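A.B. asks: Residue-level listing of the chains:
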Amino acid sequence: MRKRGLLAAVLAMSLLAGCGSAGSAASAGGSSAASAGSASSTASSGASAASGDTVKVGLLHSLTGSMAISEEAVRDAEVLAIKQINADGGVLGKQIEYVEEDGESDPSTFATKAEKLIDEDQVATVFGCWTSASRKAVKPIFEDYDNLLWYPVQYEGMEDSDNIVYVGAAPNQQIVPAIQYLIDQGYKKYFLMGSDYVFPRTANEIIKAQLADAGLEVVGEEYADMDQTDFSSIISKIESSGCDVIINTLNGTGNVSFFKQMAEKNYTSDDYMTMSFSIAEEEVKTIGADILKGHLVSWNYYQTTDTPENEAFVKAYKEAYGQDRVTSDPVEAAYDAVYLWKAACEAANSTDVDDVLDAIHTGKISFKAPEGTITIDGDNQHCYKKVRIGKVNDQGLIDEVYATDDVVEPDPYLKNYAWASDVQPVES
Amino acid sequence: MSTIITTMFNGLSLSSIILLASIGLIITFGLMKVINMAHGEFLMIGAYVTYLVQLFFQNFLPAAVFDLYYPVALVVSFAVTFLLGCVLEKLVISHLYGREVDSLLATWGISLILMQLARTLFGTQGVNVQAPGFLTGGLSIGSVTFSYNRIFIICLVIASLIIVSAVLNKSSFGKQMRAVIDNRPIAQSMGINSRRIDCLTFGFGSALAGLAGCSLALLGSIDSHLGQNYIVQCFITVVLGGVGNLAGVVIGSLIVGFSTIWVQFYTSSNIANAIVMVIIIAFLQVKPEGIFSRKSRALDD
Amino acid sequence: MKITQDKTKNICFLVIAGILALCPVLLNSGVISSSSFVTYIGKCICFCIVAIGLDLIWGYTGILSLGHGLYFALGAYGMGMYLKLQATDGQMTDFMKTGGLKKLPLIWSLFRTLPGTIVLILVIPAGIAGILGALIFRNRIKGVYFSIISQALTWAGYSLFIALSPYTNGNVGITEIQSVFGSIRGKRHFSNMAMLFYVSLAVLIVVYFLSEKIVKSKFGKILIAIRDGENRTYFSGYKVSAYKNTIYVISAMLAAVAGALFINFNGSVTPTQMTITYSITMIIWVAVGGRGTILGPVIGALLINLCEYNLSSGVLVDIWQYIIGGLFVVMILFFKGGLMGILTEQIPAAIRKRKASKPLDKEKQELQAH
Amino acid sequence: MDDEARTIMKIRRVSVVFDGFQALTDVTADIPEHKISFFIGPNGAGKTTLLDIICGKTRPTQGNVRLCNQDGTETILTRLPEYKIVRLGVARKFQTPSVFGGLSVMDNMMLSLKGHKSVREALFYKMTEEDRTLILDTLKQVGMESYTEERAGALDHGHKQWLEIAMLLVQKPQIIMLDEPAAGMNKDETRKTGDILLAIKDRCTIIVIEHDMDFVRQIADEVTVLHEGKILVKGTVEEALENKEVQAVYLGRGGEKDA
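Residue numbers (the working numbering), protein chains in the order written: chain A, 1 to 428; chain B, 1 to 301; chain C, 1 to 370; chain D, 1 to 259.
Incorrect hints may appear among the rest.
Some chain A residues near chain B, calculated using beta-carbon distances under 8 Å [claimed, not checked]:
id, residue
1, S66
2, K260
3, E264
4, A316
No lab work stands behind these hints: they were computed from the structure.
These figures come from a predicted structure and were not determined experimentally.
Here a beta-carbon is modelled for each residue, glycine too, at the ideal position from N, C-alpha and C.
Please construct the entire structure, taking both the sequences and the accompanying hints into account.
C.D. replies: Okay, here's the thing in structure tokens:
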């Protein structure tokens with residue numbers, strides 16, 4: 001990871017003249033106040049904020065432990081966005097200086113570090129978290145200190161907080177349409193499989209309700225433990241269930257083991273179609289396109305998404321972190337989050353949390369993102385996003401096979417779905 | 001019928017995986033009484049070496065010979081982990097003989113370092129090893145499919161078992177090794193270089209882990225956490241089987257493997273983990289000497 | 001001479017406790033700028049308590065438990081359930097509903113009142129530890145075998161808490177709760193935080209001197225005897241297994257108390273607290289501080305966690321992993337006594353050597369010459 | 001030797017098999033009270049195994065060992081856990097000196113005192129004056145009264161041996177079993193050990209395993225020769241030494257051993 005940082009530094013320097021050094025100082029040095037501060041002032045010499053006047057933001061991801069596998073890429077995207085923004089003058093003329101903390105894949109550490117960032121480092125806002133566990137652990141802290149968290153990952157919904165902006169998809173922007181798509185495709189027998197934690201369990205409750213409403217059959221429901229390496233018994237259960245599609249909510253490493261072991265048994269997407277909610281381009285890379293090709297996934301963004309913004313984004317990302325790296329939905333969402341915050345600050349003409357929140361509550365904060373324009377909903381602080389169903393191709397990229405014509409309104413509690421009444425939380 | 005066969009095969013292959021992962025421990029833990037918590041990281045190293053060898057074949061050799069990367073990787077990862085094992089022995093383990101608990105803790109520190117090293121070198125994201133042609137897919141008989149890879153692992157386990165017992169019982173190195181383990185001073189007085197033997201023994205144990213890692217690479221993700229997924233099961237298996245006893249560990253792995261598969265058949269994996277542990281504890285109640293049988297005249301060693 | 005040394009240790013502890021006690025005051029008077037730091041010190045106090053508990057069984061009795069995270073978490077969950085019920089005023093929680101439960105499970109309803117909760121926080125871990133201990137020690141399973149089994153049990157507990165998601169909220173655990181004294185975050189809740197802080201500190205002081213008393217008693221001597229020669233102790237007419245079991249239960253209860261306090265500071269608990277990694281981290285505190293003394297673990301826990309707090313961020317993340325790993329290895333290899341050992345043995349010994357060797361230097365050189 | 005000595009322990013038809021190896025075969029013996037009984041024999045004769053059985057470290061495959069109480073009743077030792085056997089007053093010193101190295105001599109003695117063995121008692125135990133005096137007297141017997149605050153681990157071999165003997169004495173046992181007490185001691189130390197044993201003989205029964213024949217001659221009342229797990233001869237030192245078989249199996253090797 002350090003290596004990457006240095007590599008990034010070298011590339012950035014050669015490519016983006018001065019501000020590269022800001023990036024390098026920051027990304028190689030993860031930013032200690034001094035280095036990034038001084039670097040950024042030299043960086044933007046000539047730009048409006050020559051004074052070296054900066055605004056501090058926090059990055060809070062797992063850089064060690066089991067979750068680092070997923071979260072590193074997201075962090076890289078946030079750093080990239082910060083570097084770009086600094087490169088063209090920063091936020092309200094202020095250079096962004098980021099303070100980075102390691103969540104160590106332990107929600108309690110996330111809580112500690114969140115408090116440290118907000119109260120000790122006095123950051124204006126924090127970009128971070130991946131698992132629902134870490135988000136739930138820091139949520140009350142952001143509320144008590146009245147700070148703002150930008151959460152870049154799709155999640156199970158049933159939540160909204162004044163102090164969190166959810167840039168990833170709500171269930172009705174990923175899970176529900178994906179299931180609808182499968183229903184329309186005429187799949188009859190569904191097998192639900194996920195890692196044994198809260199997102200899959202909640203997601204599956206939603207899916208079961210939706211399928212029940214459509215009068216379709218769930219022929220099996222299985223949960224693998226977090227670091228399970230042998231899936232043979234789950235695969236046997238799939239075989240005997242006679243399902244024709246698998247709804248896969250496994251996370252990270254579980255996916256690798258599962259699909260490799262499906263391939264061991266000569267199964268392809270023709271035998272068992274899968275619809276995955278946690279497989280993005282990175283996972284495809286680690287599992288192998290030869291194994292995954294033809295399988296379905298559901299996101300709001302793919303590296304192949306055809307917009308000029310995306311072209312630029314993918315180019316910048318690869319230049320910064322190496323040609324072998326790929327962009328994915330969470331990566332893009334994390335990248336958007338930084339720009340959305342910038343937009344909010346500019347609308348509020350302040351980086352103060354309350355002003356930023358006021359600006360967000362107008363419901364007019366939006367960003368022309370790689371996935372297309374996304375807008376923050378003024379009430380539940382989720383984003384209006386396009387839904388895209390994709391199919392893995394043999395280059396290991398994901399082709400869009402279906403997309404909503406327009407952005408979908410976020411509905412974290414699935415209030416607009418009659419069948420969801422049972423999965424909605426207790427009114428309190 | 002087919003479900004029964006499949007279940008049996010699953011049980012067998014899971015057992016073989018566990019056994020393969022723990023076979024190195026039979027040497028380091030069973031014979032040397034060193035609790036190597038970094039054993040899992042040696043699995044990880046084996047897997048990463050496999051990845052590197054594959055990379056080399058992809059980039060520098062014609063596609064025709066690509067499949068050969070795997071046998072090469074087996075050899076290379078054995079060699080690499082052997083050397084690393086020797087280094088580790090010289091630097092750390094050699095200070096820890098007779099201090100079992102301390103060896104457990106110190107090697108855990110080592111495993112922290114090795115994991116971070118993996119992150120530093122290969123990044124946090126997992127890397128992919130593509131199975132060689134002759135190990136992709138499986139052999140279908142009727143409705144049942146036996147994956148070539150699983151069959152290969154079973155063979156590899158049997159092979160390693162034979163190697164180990166041969167080394168221990170036939171080779172002069174094995175004889176010296178057991179001499180040193182039985183009675184260090186006498187062995188030394190007979191002119192055996194015990195420090196060298198220790199080093200080689202530990203290296204051998206680690207190398208077996210590397211070998212295992214090489215085949216685990218085909219089963220799942222290769223990342224800095226690979227080792228952590230196996231370590232607990234490995235140790236409990238060795239303890240269950242009766243430390244230092246090849247046959248015992250084989251039995252142990254079979255118990256763990258089959259009971260896991262069997263319980264998973266009725267519940268979820270997590271419940272299975274819990275239940276299997278309970279089963280093992282219960283078993284140890286009936287047969288604690290499955291854990292240790294010591295015939296030492298010294299009252300406390 | 002031994003006596004005076006114990007005295008100085010106790011004085012050292014009281015000094016440390018005094019410094020800790022000052023933190024909220026300093027915060028109030030603005031010397032310490034951030035309340036979050038003081039909250040973290042509060043967490044460290046909890047870590048000190050669990051470290052002392054670990055030292056009682058490892059440092060004194062020679063039983064290495066790799067599973068104390070389990071008891072720590074049990075305590076935290078117990079308190080968490082009470083606090084959660086306060087937050088939902090006794091109603092069932094969202095995750096129960098999502099999990100398909102129709103009404104509040106019985107086990108939860110036991111945690112409605114604070115007194116009941118406190119009792120259960122002590123009784124449940126004690127019960128579990130007692131039963132496990134009885135089974136394991138009866139069979140004379142000891143040394144690394146015990147460590148490995150305790151590790152496996154922790155793993156089982158972890159899996160179980162994940163699997164029983166409707167009751168435990170799976171990997172997310174118990175969140176969105178306030179401390180027993182209400183919210184403690186930010187300057188405006190200073191009084192609550194101070195209250196919680198001083199309660200915890202008081203508990204630590206009590207635990208410290210209680211442990212000192214235990215290890216000085218005949219009971220404590222027997223623990224050391226067990227560590228030095230288990231069978232010999234049997235042949236002196238002591239039922240070793242009973243002693244082991246007792247101290248194991250005590251230290252499990254200490255861990256639970258620590259957990260119960262911890263969740264008040266942390267505001268959430270997850271199964272991560274019962275992972276093996278977390279349990280071994282606790283061992284590091286004891287090893288670095290110095291096993292076999294009650295002061296050592298306190299110092300270790302404070303030192304390591306304060307370093308981690310400041311070092312495991314930004315550029316230092318990677319290096320921190322090397323540091324902590326390396327430090328641990330070095331300590332185990334060369335300084336079995338940890339920092340306390342260095343202070344009370346290595347350094348004095350070195351000084352004595354220096355003094356002794358001065359006149360001998362000549363001879364030394366001659367020896368080297370040959 | 002006076003024959004009206006009461007039998008305090010009965011060893012009845014004891015056999016032990018360690019996976020296939022017959023360590024003891026059908027051993028039967030009576031231990032007379034207030035006498036020093038020796039078990040001698042070449043290595044592997046099963047001497048230590050016999051002590052292991054008496055004190056509960058090893059369980060016999062067949063037979064049993066009974067303790068004859070003053071009231072005429074008998075307690076079967078071979079069914080009890082070792083710590084209960086100890087509490088009945090059957091104390092043992094092991095071949096390798098095993099004192100509690102981490103504790104002071106005083107604490108070692110204190111732990112060996114009779115009574116206060118349960119967890120609860122141990123937690124609230126306060127040392128009484130008579131306990132203290134008893135300990136000091138006992139230490140005086142082995143000439144270690146000046147060592148009370150030494151760390152037991154720091155003592156030299158001989159002192160460890162004597163401390164361990166003192167730890168047995170302070171238990172006020174009925175029976176003391178010693179496994180090669182003279183091992184690794186020089187002549188003077190050996191003699192001193194012998195004197196100690198003679199001095200305590202009237203207070204308890206002593207069972208000794210030993211190779212050193214001078215030591216045997218010094219203090220033995222009765223000698224039992226074991227060979228390959230069987231009893232060869234039983235009688236006084238002289239009777240034992242005159243026996244042809246004994247000379248054949250033992251003395252030759254014993255001689256070498258002493259040389």
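A.B. asks: Compare the structure with each hint and give your call.
C.D. replies: Status of each hint after checking the structure:
no., hint, result
1, S66, "5 Å, holds"
2, K260, "6 Å, holds"
3, E264, "4 Å, holds"
4, A316, "19 Å, violated"
In summary, the structure is inconsistent with hint 4 from the numbered list given earlier, while agreeing with all the others.
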